[in-house]
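Chemist: Okay, here's what each chain looks like letter by letter:
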Amino acid sequence: MIFPELQKQARLRLLKMHFEAKVGHIGGNLSSLDAILYLHHNVMQKEDHFILSKGHAAGALYIALWSVGKISDEQLLTFHKEQTKLAGHPAPNWIAEIPFATGSLGHGLGLACGMSVGNKLQKKEGRIFCLMSDGEWQEGSNFEALVFLNHQQLKNVTVIIDCNGLQGFGTTEEIASLNLKKLHEIFAVFNFEITEINGHEEADLKKLFRAADRPQIFLMNTIKGYGVSFMENQMQWHYLPLDEELYNRAKKEIENL
Amino acid sequence: MREIFCAEMIKAYAKKPFVFLTGDLGFKALEPLREIMKDHFINAGIAEQNMISTAAGIAKTGLPVFCYSISPFIYARPFEQIRNDICLHNLPVTLIGNGGGYGYGVMGATHHAIEDYGSLLCLQNMHVFIPAFDFDIGAMISRISNLNKPAFLRLGLAQKTAEISYAKWRKVLDGDLGVLIVTGSIVSNLLHDFQSEEIGARPAIWVLGELPLFDDFPQELVQEISCKKLCVLEEHVAQGGIGQIIATKILGKNIALKSFLHLHAQGYISGFYGSQNFHRQESQLTKKAVISAFKLN
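Same order as they appear, the protein sequences are chains A and B.
Heads up: the first sequence begins at 16 in our numbering, then just goes up one per residue.
Heads up: the second sequence begins at 41 in our numbering, then just goes up one per residue.
To be clear, the hints were calculated from the coordinates, so they are not data collected in a lab.
Note that the Cβ used here is the ideal one computed from N, Cα and C, for glycine as well.
Be aware that one or more of the hints could be misleading.
Calculated cross-link-like contacts (lysine to any residue; reagent style SDA-like; alpha-carbon spacing at most 20 Å) [stated by the list, open to error]: (1) A/K138 to B/Y53; (2) A/K138 to B/K56; (3) A/K197 to A/G155.
Calculated Cβ distances over 10 Å to all of chain A for the following chain B residues [to be verified]: (4) K51; (5) L65; (6) E71; (7) D125; (8) K208; (9) L261; (10) K293; (11) G307; (12) I309; (13) K328.
Covered stretches of chain B, as calculated for chain A (at least 3 residues, CB under 8 Å) [to be verified]: (14) 76 to 82; (15) 126 to 133; (16) 276 to 287.
With the sequences and hints as input, model every part of the structure.
Modeler: Structure below.
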């Protein structure tokens, strides 16, 4: 399947899953979905690991894993229901492709550093990809991890930051004077390979390559609620579930792309 | 206990590789371990949250990890990382807290650890090891290695005593005054103080070295406390301490006591600071308080 078609099918399935479960967090799922899909289909190898530091994009991860055959249709139907493994934020200890339960922000980068150190000491192959949110950079633990990552020069770590500019109760600019440019300036102080990409364009996602001689940071320009006109760049879609009318409207928009 | 701890870690590393992370501590104590472990010994810097997440990440790849710091910096500062990254995933990461209880004395309240194991035992899969004597450390490290689960080792400062081989429950002194259950390095002081007393003027002393407690109350202890006076003493606050844990077990087992008394850390009653001994005295964690407790109840 060509990537644009995969994006479309994944987006439809993600919306259906959230509509049926009557849950929100759709906006941040749609800003991350394309990158998570691209990584799992085109970049990651068997020995690699993916850590979803922005655990509230669990739906996007479930859809990506479903699209590569690691999560079944039956499992996907249990999303957010009683007796499910597919909780609103990734749960621990049930599938190798989700090495860590996440959901509290500011954990993923330290975990990625640890997996990288562990692999290095045991001479194991494998790159660690860590997807973070931009708002998450208000968490102090990330700066602890950043210093460690730089000092140890863990070159098998790739950090991808979903810069959709919106967080729980406002924009990252309003709340913390943080934006993609500011984050770039902060990271530029360290010895990282920093690349800015569009997080929805295949041509840019192709830059998420594996080999590097120092830790990589990708600052991904994204749109919260991407692909659904009434959700795009709207903070409320951090939270809101879809009703039937809006679901049908969103579905139609994506199908007609 | 730090020098013995270092020597025992060197022995353990020779048997089974692990990674040792320190939060920039260990000066004049851990240098020999660093020499031997080389790249497996990492100074993770003054960044305890990251140290714990990093430890979880390393453990996930298959290597056990020991993380070392002054006690409150390792259990209180990164509590969520311990909860989410280590315990939820049942990973073999051991937290080593130096200076259990009032161990850091006049260094002040920020360095004390009087609510450490109570807090940690609330977490999934966590096991706690509390050495009473220096020579317990080797046995505990060996048990931790075999356990392969989240663990906390509470290091303290113990008086020298004759070697008593390690067990989770140990009777270290006979006595007829009642039964005293103690945990941690304060045992060595009490043992030293009570040993010179006549058997009728001292309690039997039992030492508890590991938590949580399961249904592993020794039969001998059950018999000994039945219809007797029991005192539990610990350098830890009452909430979440062994006093509460043991009381619950006793109720669950329908053991009748003559009386139950709990001596525990009481924080900073006077608002003044001093040595570990000063704070122990202020919290009534003394031979005198134990004797009074048995005589009054």
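Chemist: All hints are to be evaluated individually against the structure, with a verdict given for each.
Modeler: Hints versus structure:
no. : hint             : in the structure
1   : A/K138 to B/Y53  : holds, 18 Å
2   : A/K138 to B/K56  : holds, 17 Å
3   : A/K197 to A/G155 : holds, 16 Å
4   : K51              : holds, 20 Å
5   : L65              : holds, 16 Å
6   : E71              : holds, 20 Å
7   : D125             : violated, 6 Å
8   : K208             : holds, 27 Å
9   : L261             : holds, 36 Å
10  : K293             : holds, 33 Å
11  : G307             : holds, 28 Å
12  : I309             : holds, 34 Å
13  : K328             : holds, 46 Å
14  : 76 to 82         : holds (count 3)
15  : 126 to 133       : holds (count 3)
16  : 276 to 287       : violated (count 0)
In the structure shown, a violation is registered for the earlier hints numbered 7 and 16, in ascending order.
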